[in-house]
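K.L.:
Chains as they are written, first to last, in UniProt numbering: chain A, 1 to 683; chain L, 1 to 683.
Since the hints were derived computationally from the structure, they do not count as laboratory data. Hints may contain errors.
One side only, chain L facing chain A, incomplete, derived with CB under 8 Å [what the hints assert, rightly or not]:
#, residue
1, Glu450
2, Lys614
3, Glu618
4, Pro668
5, Val669
A virtual CB, placed ideally from N, CA and C, is assigned to each residue, including glycine.
Given next are the chains, with one letter for each unit.
Protein chains: 2
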Amino acid sequence: MKISYLSILFMLLNTFTFAQDGHDLWLYRYNPNPVKILSSHHSVILATAKQELTQGWKGNPNATVKFVLKKDKSLAADGFTINSNVITANTDKGILYGVFDLLRRQNTGETISDIKENPSYQVRILNHWDNPDGSVERGYAGNSIFWRNNDVNVTENDLKLWKEYARANASIGINAAVLNNVNASPLILTPEYLQRVKAIAAQLRPYGIKTYLSVKFSSPALLGKLKTSDPLNPEVIRWWNEKVKKIYTVIPDFGGFLVKASSEGQPGPQDFGRTHADGANMLADAVKPYGGIIMWRAFVYSPHDMDRAKQAYNEFMPLDGKFRSNVIVQVKNGPIDFQPREPFSPLFGAMKKNAVMPEFQITQEYLGHSVYLVYLSTMWEECLKADTYQAGKGSTVAKVTDGSVFKQALTAIAGVSNIGLDTNWTGHQFGQANWYAFGRLAWNNNLSSEQIADEWLKLTFYNSLSIAGKEKKQEWESKFLAPVKQMMMDSREAAVNYMTPLGLHHIMAANEHYGPGPWWGPKGVRADWTPLYYHKAGEDGVGFDRTHKGSDAVSQYHEPLAGQYNDPKTCPEELLLWFHHIPWNYQMKSGKTLWNELCLHYDKGVSQVRNFQKVWDEVEPYVDQTRFTEVQRKLRKQATNAILWKDACLLYFQKFSHMPIPYDLERPVNNLDEIIANDKYSK
Amino acid sequence: MKISYLSILFMLLNTFTFAQDGHDLWLYRYNPNPVKILSSHHSVILATAKQELTQGWKGNPNATVKFVLKKDKSLAADGFTINSNVITANTDKGILYGVFDLLRRQNTGETISDIKENPSYQVRILNHWDNPDGSVERGYAGNSIFWRNNDVNVTENDLKLWKEYARANASIGINAAVLNNVNASPLILTPEYLQRVKAIAAQLRPYGIKTYLSVKFSSPALLGKLKTSDPLNPEVIRWWNEKVKKIYTVIPDFGGFLVKASSEGQPGPQDFGRTHADGANMLADAVKPYGGIIMWRAFVYSPHDMDRAKQAYNEFMPLDGKFRSNVIVQVKNGPIDFQPREPFSPLFGAMKKNAVMPEFQITQEYLGHSVYLVYLSTMWEECLKADTYQAGKGSTVAKVTDGSVFKQALTAIAGVSNIGLDTNWTGHQFGQANWYAFGRLAWNNNLSSEQIADEWLKLTFYNSLSIAGKEKKQEWESKFLAPVKQMMMDSREAAVNYMTPLGLHHIMAANEHYGPGPWWGPKGVRADWTPLYYHKAGEDGVGFDRTHKGSDAVSQYHEPLAGQYNDPKTCPEELLLWFHHIPWNYQMKSGKTLWNELCLHYDKGVSQVRNFQKVWDEVEPYVDQTRFTEVQRKLRKQATNAILWKDACLLYFQKFSHMPIPYDLERPVNNLDEIIANDKYSK
């Protein structure tokens, strides 16, 4: 009778899906089997590992799993092996990652045998741009999970949420978090806030996650009432040493500081005539006794330089070798600022004596906030697999940052978080995939985006169906997994197509960075904050001349790239207008004019989003109603915004090209003057 | 040298078009040849005829044209013949129409020989819904050309504009105008206003146009301070007689009154227990001595009847034969209210003893205001050519109203004007085509919409190119005329497709009647003003059951229509939901379900508008910049609104059908709840 009861349940599952709101992320676990766990050691982290395995075991019922801690030189600190239900590691954290790896493979249906995993980076860290008032800079998923309107009291709900957060991160190998905005408030270093940091750290620690803070470089003056924050001033040095000591008293395993200095109005060592190295090293010396590190951002540019794209390189290259060994320079993937497409930053591989870490942006500042379905993994993969040639062919960004080319003592990778108080954490259900993908790539920078999408979809959307049997699973894989995965894989290029194709960049609306704004450039605003500075559209063409005859940014790249980029015939067309100012009637590889290609790209982007809508609508039977409807609604908005981008950019650029939009393309439905009138920053 | 100077001019004309703003309508005349005119008689109207011919002559230079006034029984009052440059007519107005006819043929390139023209209707009248405060009810082309914020002073500009107005009307055969709104202010009958009416009439008279006024039935009480406006009350009768006498003193050729009575809150004879005939006849007796007529609107319906579509018929049929001979009952083309598609009103042909006149709406109240490009001629042609079967097969609406089936002493046709103070008169450049088409159909109700479009396009858009030679003309005809004419011909069906396909009706937003509003039906609003009353969508299907088993409105139609309409299998699908409540999965003639057909129609409408955009963008080289850009901008708005209609209606009806929008169709980009939230009438 029990079987027939189950049959009825299966039948129900064929027509219904479980209610889901996305809060469980990729971690939803249905119906674990009983499992026995043997462990030679005991620790908080091992207890976590046991609990996770017990909650999620999908292997044979009543199987026995062994945790073995032993020295293995072939394993990194967080690495592990899995063999016949034995998880071996050097550390308890390694065991924890082994457990999550095993569970992931069970849930995705991968074969599990002779597994050996070492992470690509030692520090796999989320940067939260969260402010003490609870707001999140460039956050689109609600307020901060860490800070609440300057209220430092800790509630039960806080503890629960931080634990869930820690668990999700651990499950994908993330082992560090910067809890506050790089545009840092000095408040964060006050005793009240440090108490809250302590409470957060206590929730993160059992999941192997270290806590870091962003600091404001002028804190000694602002908080300590010193007359200066000069990094070479003894009182300043003493102030920082004491502050660091206090922090480590409260959080003994504190990770260190992230610093945005002398950038976009933030104070820094240059205010006192010192170099970035002077500033970073002073802080590095302060945290060194406790094993702390300094992540020093290279995101600097001045309003006066003729090409913002060159400045981080120009400023940091002379300092190569001048940073302490516990400093790592944090470099955004591209030389400008998290655009839909940029070439990789020329600092990667060029700085050879000091450690460099990539900074990716998980939150979709320039990619449609939490409205667009954009799977960012392909963008990051493009960067990681880009060849810098800095140590010969094959010196990819991945290899020059993970220690395999340069023997760095310290390796790290950062992702600017897209997490907030929204029930589903990331605003968009598919935003979770970007969090997931960042963790997976940080663990293994050689993974393919397709594999990561495959994993994430299975974990996130199949779990609710997972008891329904093999036939159902095959149906799900062909009807849901395949088309949705393809949609994810195409999604970033679609956004590039309808936003900034062919190397265009930084032509978005001011401040919000959501819609189009190629026209924006009011008097009095520094030029390098305006789209006009970047696209340079005129009667003679469009694009930023960064060749030898222009700003010569190409020379910051190693040959053969410098030469390739310098010549429009060899420059990849996807970066053409990044490196060149090109006449509207220039003949592209397709034989079409630049103008027509531009039109075709914008049009294709719109078609792609419309296709995503179809894909999603068709999978409705395989998704719970809440998540289905949420994504459906956002895709509608994305389609509308894609059309706005297309219309705005084509109608704006047409004022210079004086060429018709090819008549076989769908016509604009917006009028340029009305788009501009509706752009609140253009008033 | 003169020739070569002209050659240069021709070359210029090959690349440039003259600046146009549309104010010249279809009347733009370029470069007339000299002509001699001989006329046996003299009159103001003949002077007009001479002037027009002189300004516009395109025939052989120095030809002689003769105006001949003589009795010809084969010619109606406004009819004429043209033979070898001799225009013959019974009246000077006939000569004037002959002149305009000749000029039109010269400008469109038609052959001119043995022409004989008699108008289909005696009275070809525009109804202006203009209020004394200058506003225009359902007007989308600016304020009134007749009234200005209760200021009755007449300026030079007024006189100029009224003359231009009169000329345009005369050129297409319109011979009458009602100067004020059917929802009439009693002000219009005050001496101050009558002085302004006199000034207007003086400008209209030289172009053969008679002046009429709408009157408020309760004027005796409101204006005359009488205790009643009962049409059988002797004091009321005396008051009207005296008022009429005064009007004719001021305007000796005054045409008569248009009356909206006992309808939508307007006072009427039923307020005093009298019939429509009592009311109309009282006024008819008052104007009879002066040759005036009464146009009495049949647009009446009460909030309590179960089917508004039946009410005009029910109320007026018992009165057939009870109206005076100088009364004509004015009936809207359809039984509800100027919807994008309605069946013809069953009153046409049914009222056999009294004269009946069609009322068409030129202003686009339910068809996108002055935003949509909708050529209404095809809609009117559909009505005029609809067979009522009331006097056997072939008793079309045209024939049962123009006197060819029933020997009416009085024939007339009215069009609710789309004219306002906008430079281009009609808001939309293509709105002019509807004004033009109404005039042409009023003159000849057997004309095809295609011919009218052909004429209008040549007169309106070719004139500016007309000296450029034969080759240029052929190019223009293939590249501009053909595609734009096709766009016009398709335009009304496109609007039906994306607004109210398959017989849906009255599902627009409240009050403004522009966007979609199928959900609208707040408590306290009379049901027959809400879309819910008309579409009756539910789980069981959609549509208004007007069969024998429903409201039985079908029985108001003559056989074989009643039977055809009563059966969903024989009912034309374009009227299916008008006459039937149909299940969502009903199989249509295509084999598809009703739901799928509905989706396909909405989708097709959107595609059609997108195609109009392409057509228009491609003809840019053949249109002056002002008119090109105006139309282009409006088409963009139309496309956006078409998508809104499609999304709103499909997502709303889907709540009842529970069926997916076919996946090969483009998905909605709007969310229903947000559309409703943005609908100000739904708050």
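K.L.:
Hint by hint, say whether it matches the structure.
P.N.:
To see whether the hints hold, each was checked on the structure:
no. : hint   : result
1   : Glu450 : 24 Å, violated
2   : Lys614 : 6 Å, holds
3   : Glu618 : 5 Å, holds
4   : Pro668 : 6 Å, holds
5   : Val669 : 5 Å, holds
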